[in-house]
Amino acid sequence: MNPLIKTARSISPAGVIRMWYRNWKIFRKVFWFAAAPNFLEPVIYLTALGIGLGLLVRDIEGLSYVQFLAPGLLGSTVMYASSFETTYSSFIRMKYEKTYDAVLATPLSIEDVIAGEILWGATRGYINALTFLGVIAVFGYVDSAAALLLIPLLFVFAALFAIVGMIYTALVSNINLFNYYFTLFITPLFLFSGIFFPISTLPAWAQKLALFTPLYHVVLVCRGLTLGRLDQDVFTSIFITVALTAVLFLIPIAIMRRRLIK
Amino acid sequence: MVVAENLTKVFDGLTAVKGISFTVERGERVGFLGPNGAGKTTTIRMLYGMSPPTAGSLVVLGLDVRDDIRDIKRRIGVVPQETNLDTDLSVRENLEVYANYFGIPKKAAGGRLHELLAFMQLEERANTMVDTLSGGMKRRLLLARALLNNPELLILDEPTTGLDPQARHLIWDRLKSLQEQNVTLVLTTHYMDEASQLCDRIIIMDEGSIIAEGNPLDLIETHIGGEALEIRVAEGQREALQELLVPKSEYYEVQHDTYVFFALAADELMRAVKDAGFEIEYALKRRSTLEDVFLKLTGRRLRD
Chain A
1 MNPLIKTARS ISPAGVIRMW YRNWKIFRKV FWFAAAPNFL EPVIYLTALG IGLGLLVRDI
61 EGLSYVQFLA PGLLGSTVMY ASSFETTYSS FIRMKYEKTY DAVLATPLSI EDVIAGEILW
121 GATRGYINAL TFLGVIAVFG YVDSAAALLL IPLLFVFAAL FAIVGMIYTA LVSNINLFNY
181 YFTLFITPLF LFSGIFFPIS TLPAWAQKLA LFTPLYHVVL VCRGLTLGRL DQDVFTSIFI
241 TVALTAVLFL IPIAIMRRRL IK
Chain B
1 MVVAENLTKV FDGLTAVKGI SFTVERGERV GFLGPNGAGK TTTIRMLYGM SPPTAGSLVV
61 LGLDVRDDIR DIKRRIGVVP QETNLDTDLS VRENLEVYAN YFGIPKKAAG GRLHELLAFM
121 QLEERANTMV DTLSGGMKRR LLLARALLNN PELLILDEPT TGLDPQARHL IWDRLKSLQE
181 QNVTLVLTTH YMDEASQLCD RIIIMDEGSI IAEGNPLDLI ETHIGGEALE IRVAEGQREA
241 LQELLVPKSE YYEVQHDTYV FFALAADELM RAVKDAGFEI EYALKRRSTL EDVFLKLTGR
301 RLRD
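Chains as they are written, first to last, in this note's numbering: chain A, 1 to 262; chain B, 1 to 304.
These are calculated hints, taken from the structure and not from any lab test.
C-beta: ideal position from N, C-alpha, C; glycine also.
Errors might be hidden in some of the hints.
Claimed, not checked - These stretches of chain B come out as covered by chain A in the derived footprint (C-beta under 8 Å, 3 or more residues):
| hint | region |
| --- | --- |
| 1 | 48-55 |
| 2 | 80-89 |
| 3 | 99-110 |
Said to hold, decoys possible - Facing chain B, a subset of chain A residues (Cβ under 8 Å, in silico):
| hint | residue |
| --- | --- |
| 4 | ALA14 |
| 5 | LYS25 |
| 6 | ILE26 |
| 7 | LEU104 |
| 8 | ASP143 |
Said to hold, decoys possible - A short, non-exhaustive set of chain B residues, derived as facing chain A with CB atoms under 7 Å:
| hint | residue |
| --- | --- |
| 9 | ARG70 |
| 10 | ARG74 |
| 11 | ARG75 |
Looking at chain B on its own, in the form it has when it is part of the complex (with noise of 0.2 Å):
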């Protein structure tokens, strides 16, 4: 679906994209990570022609991005990270001039328009304009919009970026029920829980290069175990605790006055605690997320 090998892309002497190579199956459903300025949207920019690579190469749907962009566009939907609807329209009439940007003739697009508007539930909006749409509903348009021409490959740019809880839901589900369909998503995200629900496959990308690639809960694992032990003790044991705990970690992480400690099992490490006689002021077992490993992957730095 997508082969890259060596992708590069360099801004006026700045390398955003430092020779990644990655591939996405038929079907499978990919989520880019990373902190701001890691290079996630240039490198989905360069999957539909907005940003030719500057070296490397880059074949999607088996066509190259240099060569036959035109053609690989008529086979894939893009959302973008800013809605960028037509004002002026609406929503039924942004999607037939969408439609038409396709070449699909007037009658065909009828009953598409009809079946995507049922599906992204805006059939009771098809004639209200776009600018008074609530945030919810103008993601869903656009989504709309982006499945006109039945693609073969939906890129989505922070998809729910913004969105409240219950749009944020509905969007995810529309979006399972697409791979049913057997389309092929990549997307980009900030959300680890977004990432987990609906990505097969994750990468995380940091100032241009990818560091760690796998399905959510192999990279929990591998990275720092299953589980997460959070726990505070009385001041002056903190050293103690730490020396007990470190080696029976897989990683851990201080956070102002408390400790998280990652391992397999949390249990372990909180019945070493108690046989010690630690004085706890809190503690909590939880599963390790996938923001955790991001965090571990990417520091906590800050990017803007």
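Excised from the complex, chain A in its bound form (with noise of 0.2 Å):
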């Protein structure tokens, strides 16, 4: 049988949710020291940015800086919030207070657990991108009903880098390479996806390369929903990271088994 089949066979809906419910029970818990400050990061460099940047810089494609930034910071504070829960939290989860092997000794099943996983790590993000979008909605720096369509999305975004993060974990043995996911990939995205400049300032091959990576499909969306720039490209991007998520989603669940049931 194809791995990937009998992957997805393995999930059971029930087990996913437990091993969510475990994560969703912990967060609520440790909420006000370990978890708020994630939020106030996007306000922090929307208002340094914004505003002492945006003083100085020009409008954007007929946007003022901070309006053009707004959006872009919706898109990576998706990345950032779910991109951590699945690397540095699940691996410290799996390796250090082997919860995995606590969780795996019940009736769920190593792919219950890994879905469960991700299904946390798109939720925390979802978390953090939702109350992102309620601040910059308040402030006025969303422009269109189109940006309900967001709602929805925004979960999908957030199960993107979840899974992309968790592909990484569960081919790493030591913590440390996290230094490596972060500043070679997450970096590079948060800087060059089109948050801060358009990418049209970059040389073409730059431009070329920004197209196979999942933020700047993930940015151009949230910009043209929240702005209700509707155009082909948007629905194109749509379709690329609904797609992307949906081929990439039972990957680190099959490597995931191969690493932990010998």
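Each chain sits in its own coordinate frame; assemble them with the hints.
So this is what it looks like as structure tokens:
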């Protein structure tokens, strides 16, 4: 049997929810001293760069700098919160707290555990992104009812970064290797995906490269929908991100089975 | 309860378990003993699906571990070697989250939880954060957690390693009362006293195979006789002592300058030594122990 079909068959929705619930319960408990600061980060960026740098920067594509920046930071908020959850946090649960070993002695399968972890990572990113979306709406940086489409889409984007993070986690043996993930993958995405400046300012090869990275599409959709600029590219990017999420979902789960069930 | 036939586990070309066969009956308490690397942890990890067998068959509660592991895990409890509690949660919350993995409804879990906290003497700690508990309390909580689903079979991997004597005795006491409730126990241990205390039957493994099996007392009788004489004589007389006693013993060992002879009756050996007029520097009659059997069977070579 194809290993991915086997993986899909070993997932029980109830098991996934139970794993998710464990993380949710702990999140609620530690929220005020562990999770709350994460919500402030994009707001600090927006204030510092939007107001500070915004005074020096000309309008971009007919937008004030802070208007251009706000939906971009929505994209990075999704990426950071869910990436942290399925890299550092999941790795600590797997390797140091031995949470997976504890759960695997119950009726949950390894597939339930990893799918639940991904669902949780997506939820973390989603919670942060929805909060930030609310903040920029209140500040008046959301111009279109099309932004409502972001309510489901932000969850998909969060899931996408949770999945990619989990693939890396399934492959590394040492927690220090996450430095590479963030320095060589997440940070360049953060800087070169059109959040701070349009990628049209980059050399042609770099623009082409951006097309193959997830955050570029996420930012493009966030900006298109919050500003009501619904061109062909927005829909293409929605399709790409949704399809990529669906295609990648089972991969980290299958790798984790090979790693943990020996 | 458990039927293993020709059970084999190979990791990257290294055979950890070499075609072993054993059974565990309902209500029985079976202990796996063996030096490090003997394959006992691998064997019990196969029982709850953490390690699929490479070859052979393994049936737990009438179900095949390859096909029905989820159903098997619903009906067993596992106490791991390493503590893997949720450190951000309290004692009670740990049990609540774990009950949820089994899909035990909140109300039913509440009653069971209360019972188990009392059974493991953790009632007063119910709201204590787990990372402030002592090692003994953590281990008791692990045991309480493994009992949430009323398991028919309880698997314990070195249940008392690293605990002080008081904590060990409490765990033993609780495990004995579980047997009265007809819970089947399968455990691994390095402690011979633990195995003698808790197990009806012992399976000694070495290098992936079962090398002896039986009731603790029978094992002692069959392999080395019931009694031991530890004796040291004047240096020049040692060879003569050996010549005298070896034919009368089931087995003997030399520990530095002292001999240990094993036989059915140590008195007879002692009499023979006295009659022959040896110059005795030290002598002690004692019962032979499981540890003596274990060392005879597995040798003294270090395994790490």
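Structure-based check of all given hints:
no.: 1; hint: 48-55; in the structure: holds (count 5)
no.: 2; hint: 80-89; in the structure: holds (count 9)
no.: 3; hint: 99-110; in the structure: holds (count 4)
no.: 4; hint: ALA14; in the structure: holds (7 Å)
no.: 5; hint: LYS25; in the structure: holds (6 Å)
no.: 6; hint: ILE26; in the structure: holds (5 Å)
no.: 7; hint: LEU104; in the structure: holds (6 Å)
no.: 8; hint: ASP143; in the structure: violated (41 Å)
no.: 9; hint: ARG70; in the structure: holds (5 Å)
no.: 10; hint: ARG74; in the structure: holds (5 Å)
no.: 11; hint: ARG75; in the structure: violated (9 Å)
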